[in-house]
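Visitor: Protein chains in written order, with the working numbering: chain A, 1 to 321; chain B, 322 to 642; chain C, 643 to 951; chain D, 952 to 1260.
Just to be clear, a hint being listed does not mean it is correct.
Pairs of lysine-lysine residues, derived as DSSO-like cross-links and limited to a Cα-Cα distance of at most 30 Å, are as follows [unchecked claim]: (1) A:K260 / C:K734; (2) C:K734 / C:K751; (3) B:K581 / B:K636; (4) A:K152 / D:K1212; (5) B:K405 / C:K903; (6) A:K260 / A:K243; (7) A:K152 / D:K1030; (8) B:K564 / D:K1030; (9) B:K473 / A:K315; (10) C:K890 / A:K127; (11) B:K636 / B:K513; (12) B:K636 / D:K1030; (13) B:K620 / B:K473; (14) B:K513 / C:K751; (15) B:K620 / C:K768; (16) B:K369 / B:K590.
Note that these hints are calculated values from the structure, not bench results.
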Amino acid sequence: MASETKPVPLDFEQPLLALAQQIEMLENQLQSQPGLEADVKNLHEQYKILRRSIYSNLRPIDHLALARHVQRPYARDYFDRFDKNWIELHGDRKMADDPALVVGLVTVGPYKVVAIGTDKGRSLRQKQICNFGMPQPEGYRKALRMFEHAQKFALPILTLIDTPGAYPGMTAEEHNQAEAIALNLRVLASLKVPVVAVVTGEGGSGGALAIGLANRILMLEHAVYSVISPEGCASILWRSSDKVAAACEAMKMTAGEIHKLGIVDEVVKEPLGGAHTEYDQIAKTLQIALIRHLDTLTKLSPTRIKQDRLEKYRKIGSTIE
Amino acid sequence: MASETKPVPLDFEQPLLALAQQIEMLENQLQSQPGLEADVKNLHEQYKILRRSIYSNLRPIDHLALARHVQRPYARDYFDRFDKNWIELHGDRKMADDPALVVGLVTVGPYKVVAIGTDKGRSLRQKQICNFGMPQPEGYRKALRMFEHAQKFALPILTLIDTPGAYPGMTAEEHNQAEAIALNLRVLASLKVPVVAVVTGEGGSGGALAIGLANRILMLEHAVYSVISPEGCASILWRSSDKVAAACEAMKMTAGEIHKLGIVDEVVKEPLGGAHTEYDQIAKTLQIALIRHLDTLTKLSPTRIKQDRLEKYRKIGSTIE
Amino acid sequence: MDLKEWFADRRKRQENLEIKQPLTTEEYCALWRQCFQCRELIYTRDLHSNLSVCPKCHYHFRIGAWERISQLTDEGSFKEIDASLSSTDPLKFFDTDSYSHRLEEASRKSGLRDAIITGAAQIKGKAVALGVMDFAHFGGSMGSVVGEKVARLIEYALHNKLPLIIVSSSGGARMQEGILSLMQMAKTSAALEGLHEAGILYISILSEPTYGGVTASFAFLGDIMIAEPGARIGFAGRRVIEQTIRQKLPNDFQTAEYLLKHGQVDMVIERRQLAETISRLVDFHQTIEFRPSAVKPKIEVVSIIEKNK
Amino acid sequence: MDLKEWFADRRKRQENLEIKQPLTTEEYCALWRQCFQCRELIYTRDLHSNLSVCPKCHYHFRIGAWERISQLTDEGSFKEIDASLSSTDPLKFFDTDSYSHRLEEASRKSGLRDAIITGAAQIKGKAVALGVMDFAHFGGSMGSVVGEKVARLIEYALHNKLPLIIVSSSGGARMQEGILSLMQMAKTSAALEGLHEAGILYISILSEPTYGGVTASFAFLGDIMIAEPGARIGFAGRRVIEQTIRQKLPNDFQTAEYLLKHGQVDMVIERRQLAETISRLVDFHQTIEFRPSAVKPKIEVVSIIEKNK
Ligand SMILES: [Zn+2]
Ligand SMILES: [Zn+2]
């Protein structure tokens, strides 16, 4: 985000806003009442403490708000920062180029990778073009083509996930959304190149998984990942749209919780205030993490890379006998 | 064809029709004039001689008429006769099931094969459904899926070709007809199972080739195979639609001529009067030929099968240095 | 007045009570079922002997896993595996009720431990690995147990070189297992990669209804895709799509026949043909190398064939 | 009155003849070209120095094979192969004229033996195998020579492990070679299978116009597909389609930009960017194994990263 753009505040940040207003008021009076200086200083300190306190006590629904923040950095924001000369590729070669799914050739530190990411679009116009980040089968098939490209040229794959899910549309069904996702899963499982997936914002259900079956799964600190949207969950299980917060809690969808469940390999710390407050910083932090995982994975043999991935998923689940 | 259906006569068979009418007239007079019996017998003999003579002196455009005969047996007619329990499969798994391209699992003598054929449709309604035998990209992608199926299960592939060509439509272009055909060619080249292609009627350009890159290419005696329809050739090169006969001659599109050029491996003899006069007979003749070629090809190793095909195509062409 | 009302009325009016008590509504419902499609009343025993297909309009009723197994497999051939595998409540999930309690309820109603039965069987003499889902258990939803049982069945098929047959029926993922349930899509699809690489046949059969995470994973990865007539199959549900696109969908949207037209399934097969079709498909794919039978077929030579010189 | 008329008029009226003869129409045409798109008159030398792209509207003029080679390759780096390969007349084809004679005419006009030039070259320092088609020779049609030269170029790339770059421009198959010309589609595609299997990069560049047998074979099998702005590319020609579907096609139908929208090409690249783009793509794909550079990049650690326990 350009430094001049002010972060849009979220609901749970209201106490901070109130405090900031107080500080501003006092500062305006400083010239007439210099004695207030100590108070102002103290309030600034209070502000910092409050901010830290708020951010260390986020509820799941607050993480959701951060994950869905309108200024959340998207795939292109990361690709641009990893490699300002990255090369975007287009199309499924069959019928369409789905803008909700961006693909390209990106250099990440010492690694050349095939990069795939969802795109929600920034402006209203872009959002509409990108279908608010909901890919259609053509998007998943564009990704599939890139999986095969990566395999052919022995390039690692990086996927960045921030999507409400696959698009629930009529044409999407007619073009076999189910098969598009399922085939991606089987092909991702078959690859002998490393795959690293990062949930950067919303990890929405099968539509996220379709580019998320990986050797390593990372989540940004405030990202969420769930089998159904909390709204969908609330309306089905509670039959009430008021219960979104409860659904968020029940589903265990935050990075920390999913990490504890053993599915996510690493939670990537965001700048205080969220990734949207410091694009450059989160991109750098993520890049360091990616390089570390690629360092490990690229040391394995191609067969071992595939085996590593298969073993990872074979174990997931909780059953008794 | 059911035995009760009378073959529809073609233009070049007019002399035969005239003679047949004469015979009928005389036969009607036989009761009143028994002395005509010898004449009738003689005319019957003449009829046979004339028929043979006509069929041994067909011009290219006459072969074209036979290849396009409305009663010409199509892929389903052959599959039904090779294996009355053959199993038809459907769809490209992506968006459509193109009826112009039939695929299925067919037993041919001792061989189980993946069978693929174009279908022109018999009734007017069927013709429309089958788009007069012109497949669209979805059809070629259905075939592609079957190529991969055959490779996975080590089944030989049989293709029966009778098509004016790929459909020149707007959606066909939007769905990348060119890529659909090109990819089929590359994948057919890659297969380690035997592929036998038969031009049973019209072999129309790239749309025919898309299922025709094979270890062995057979042509029925009156089938034609050309880089462009004779009508297209006449209109482009002569700028006249009257020159179809000349275009047929110039292009060397008959089975015999293409066999001489070394591209077709075998010309399969049709019943006198054309394949449409005796469905069962042509199906049997073709089946014998197919089994013979499969006997040879299935003895080769998978690698050798691929090599055999690559070598075949590497040699085609005529250049000087 | 329809038959149901007539029975109810008869009871109310206490007619002809001398010989026999009239049927209660419950007894009546156990004896008779009404076709969802043509509204015909069918004697339950007749319905079952007709494979739960309406004799009048061929509507295919939903059937349970055990009924499906008995219809498909040769008598006495089915050997269940992993029968004791059960759900835990890894998230301690609670909405208006606890997941643990919902699990108990589901099992009480369905008589099953979870939404799939897996095992080895013979279908018309062909040995197969068979999995059958049951929509009546927790909406056929896929949680850790379904995922694990499918993965184990795939491995069973792989190790024993058996064709894999799975009959799906599912509302989607089991929300109460959260992300773990989503990951079963990955787990089952990854397991299928092994089978695919080994060139072992997998026939996927889609029955009324199959949706969500099950379609977007193992159910749509069959080498051969079969659907039952009238079955509704899709990724997203009809209502969600209508809300999203703000228009009514065609009546036949997401039916088996619609999918056939859109190239998504190989065939739509009536229930009475299903076992026979599977058996023939298994037979066809059992040739692992080109292996012409020893005896050449008797075919008359009816015509001269030119040899390529 | 446009410039052309003005020149002609001037000559007719014999004005100002004292010092210099006015330009003849032919001389005029050699000096000036008019943009097909914006109608701007461009001084021919300016047009060439601008890579034959209109400076005003960026219309990309068709260019010949040698001009393309000089634009793309590092000076002096191009080494032609198979230069002497020529057409025969295998069918003794005769329409209103003989194929042999048409071949002579084509070569006389184009100065080429056939519709493609192939060889080894360097593009911004990257060694490649390069083929460039020329529409000015026999409409860029593919007969035996084009097929054979493409096949040999592919083999050259394979044996020397060089990325393959082909710039296509073609009206389709060469009818005068009949079925032999059709079979060049198979031959070139089969040759590409070898390159594909070996994992060698193939960048296909589509220029105005590319149609028919060339698109339906090697030109659409690139790992990376690049089109030039405004280039018309397709399988069937616009007129044939309009006759078949009996309706007008959209203006931008089959343009490079239309193809991009329909997912058929990876990018539409301005001619001035082409060499640089190819060079970067070649560079990117030259890593055959994962080979992190010896020196790790300098990145500040700005944030703590939680380690997976
Ligand atoms: Zn009914
Ligand atoms: Zn211009």
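Visitor: So, for every hint listed, does it hold in this structure?
Guide: Status of the hints after comparison with the structure:
no.	hint	in the structure
1	A:K260 / C:K734	holds, 14 Å
2	C:K734 / C:K751	holds, 22 Å
3	B:K581 / B:K636	holds, 15 Å
4	A:K152 / D:K1212	holds, 25 Å
5	B:K405 / C:K903	holds, 24 Å
6	A:K260 / A:K243	holds, 24 Å
7	A:K152 / D:K1030	holds, 29 Å
8	B:K564 / D:K1030	violated, 44 Å
9	B:K473 / A:K315	holds, 28 Å
10	C:K890 / A:K127	holds, 24 Å
11	B:K636 / B:K513	holds, 20 Å
12	B:K636 / D:K1030	holds, 25 Å
13	B:K620 / B:K473	holds, 18 Å
14	B:K513 / C:K751	violated, 52 Å
15	B:K620 / C:K768	holds, 28 Å
16	B:K369 / B:K590	holds, 18 Å
In this structure, the earlier hints numbered 8, 14 are contradicted, and the remaining ones agree with it.
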